[in-house]
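Asker: Following the hints, put chain E in place on chain L, whose structure we already have.
Residue numbers (this note's numbering), protein chains in the order written: chain L, 2 to 289; chain E, 2 to 289.
Hints listed in this document are in silico derivations from the structure and should not be mistaken for laboratory results. Treat the hints with caution; some may be incorrect.
Chain copies aren't distinguished; within one or between two, either way the pair holds.
Said to hold, decoys possible - Heads up, simulated PhoX-like pairs for lysine-lysine below, C-alpha to C-alpha not over 20 angstroms straight-line: (1) Lys-27 - Lys-161; (2) Lys-203 - Lys-61; (3) Lys-27 - Lys-173; (4) Lys-99 - Lys-16; (5) Lys-25 - Lys-41; (6) Lys-99 - Lys-240; (7) Lys-253 - Lys-173; (8) Lys-61 - Lys-253.
2 protein chains.
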Amino acid sequence: MFQETFQQYLAVIEKYLAQMPWGKDKLSESMSYSLVGGGKRIRPVLALASAKAVGGDPEKILPAAIALELIHTYSLIHDDLPAMDNDDYRRGRLSNHKVFGEANAILAGDGLLTYAFEFLADPVLCQPERQLRVIREVAVAAGKNGMVGGQVLDIAGEGKKLSLAEIEEIHKAKTGALLTVSARLGGILAGGSEEQIEALTKYAQALGLAFQIKDDILDVIGDSETLGKPAGSDQRQEKATYVSILGLEEAKRVLHAQIQGAQSALKLLDNRAEFLGDLAVYIEQRQH
Amino acid sequence: MFQETFQQYLAVIEKYLAQMPWGKDKLSESMSYSLVGGGKRIRPVLALASAKAVGGDPEKILPAAIALELIHTYSLIHDDLPAMDNDDYRRGRLSNHKVFGEANAILAGDGLLTYAFEFLADPVLCQPERQLRVIREVAVAAGKNGMVGGQVLDIAGEGKKLSLAEIEEIHKAKTGALLTVSARLGGILAGGSEEQIEALTKYAQALGLAFQIKDDILDVIGDSETLGKPAGSDQRQEKATYVSILGLEEAKRVLHAQIQGAQSALKLLDNRAEFLGDLAVYIEQRQH
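So here's chain L without its partners, still in its complex pose (with noise of 0.2 angstroms):
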């Protein structure tokens, strides 16, 4: 059943990306080229399966849910870049800088940075006051004090020794406002109950936080070609993370921590809300 649903909300995603007008030009090919490569579009999922949980119509919220993926790929256009990760290869193909030039690059991601908020304000969602609260809330999570900040503290960290307070202060802002934003966007579009979206809040924290340490753990135990990126690049490059602070086992029980305090946040959430719950167990088993 969760593979079912799991497939639908996929199908409804892709269907809408891959329909998506672009243009003949270079920049539109270089924004569609990293946009439809790909992904576990846990982003959109994560807000189609949020609306399903507090009563809503997962489909009346689409172009939001679409809007956080744009805002996702953006970032790993940009993370990928010389002046950063210097990443040449992203989900097992060519990253975008190797294959339209940095210039480019750094304009794609600004391109679908700005189209998403384009997205958010698409008249069909039909909910001005809750879609001016979700914009402010999408900037706030992919800006300054979230992602962007993360980016810029994950760059400082770099070959220090970072504490376990220091890499979950990174991973809060890099990865995890932004998966955060991403249930209470659905849960907020869908008209639910500031409870409900406090319910989603601590369910999606838990959970972002679960996928960034089991991201560390397929990094030691995973192969590169299932990963479709290189597997020990954490080791490599020397980069703290819940694995090489905690170790292997400690690290899983963690992971098994937080997949069990997602579940528990959602309680307050009746049987809709089920599909979120074996999402987390989902991620906990993933193996890419």
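Answerer: Just chain E, lined up with the frame of chain L:
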């Protein structure tokens, strides 16, 4: 009278910018370095004066006007990057990446762009439907079919012999779209009629073109000290400009025609739009 009003608008804008709460972290430092480092503030002035021109209170739309300066500033930071125009100086000071490094400059730009939408969605503006319309229009003007798209065209055109039509297409996208939406934003948020908003649009389109032609002229006849950047750089880079294609005298004539066009568009508005007419003259006569 024009200079007084101009200084009043500038004072309101600079005061707002100076009071923005920045952290002591590196990202805040680099974002604010470029934002408070001078600039003509044409876009927010245009927004405030356009609100006034349709009978509104300029101060009530201030956060939205500031958003335009955030977007303009981000675009300058990214344009100056080594992968783009590779400019070491901006407004007579070191460009952002020369002070903070490339990675932080990219992220400062990302942060400013994202922050802009937080301002556009500010609840103090108290106009959810109008704000959503403005957010859509700003995203379009700043995005792939506007400013970002124009920068891609500009880079692709480097070293090529461009026609006047091609130069105009680049300018319309790269600088014209954001200037035009600045005027529209003021008109929309202040409750202007569609007719008034259309008049502001025509005014700002002519003004934007005039602004660019004047830039090209100043690059030839201005001196580096007054400009705050090296004069004659267009010629050294063999850049196609209004002056290189039309010659200096014809460029001046076209500039003047645009100023007249801008003023004539204002006829539909009453004497509250007087400042905008004077602003056009100021742009024709500016020395930097």
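Asker: All the hints need checking, so say for each whether the structure fits it.
Answerer: Outcome of the hint check:
no. : hint              : verdict
1   : Lys-27 - Lys-161  : between (39 angstroms within a copy, 17 angstroms between copies)
2   : Lys-203 - Lys-61  : neither (24 angstroms within a copy, 36 angstroms between copies)
3   : Lys-27 - Lys-173  : between (34 angstroms within a copy, 18 angstroms between copies)
4   : Lys-99 - Lys-16   : neither (27 angstroms within a copy, 43 angstroms between copies)
5   : Lys-25 - Lys-41   : neither (26 angstroms within a copy, 36 angstroms between copies)
6   : Lys-99 - Lys-240  : neither (24 angstroms within a copy, 27 angstroms between copies)
7   : Lys-253 - Lys-173 : within (19 angstroms within a copy, 55 angstroms between copies)
8   : Lys-61 - Lys-253  : neither (37 angstroms within a copy, 53 angstroms between copies)
Going through the hint list in order, the structure does not satisfy hints 2, 4, 5, 6 and 8.
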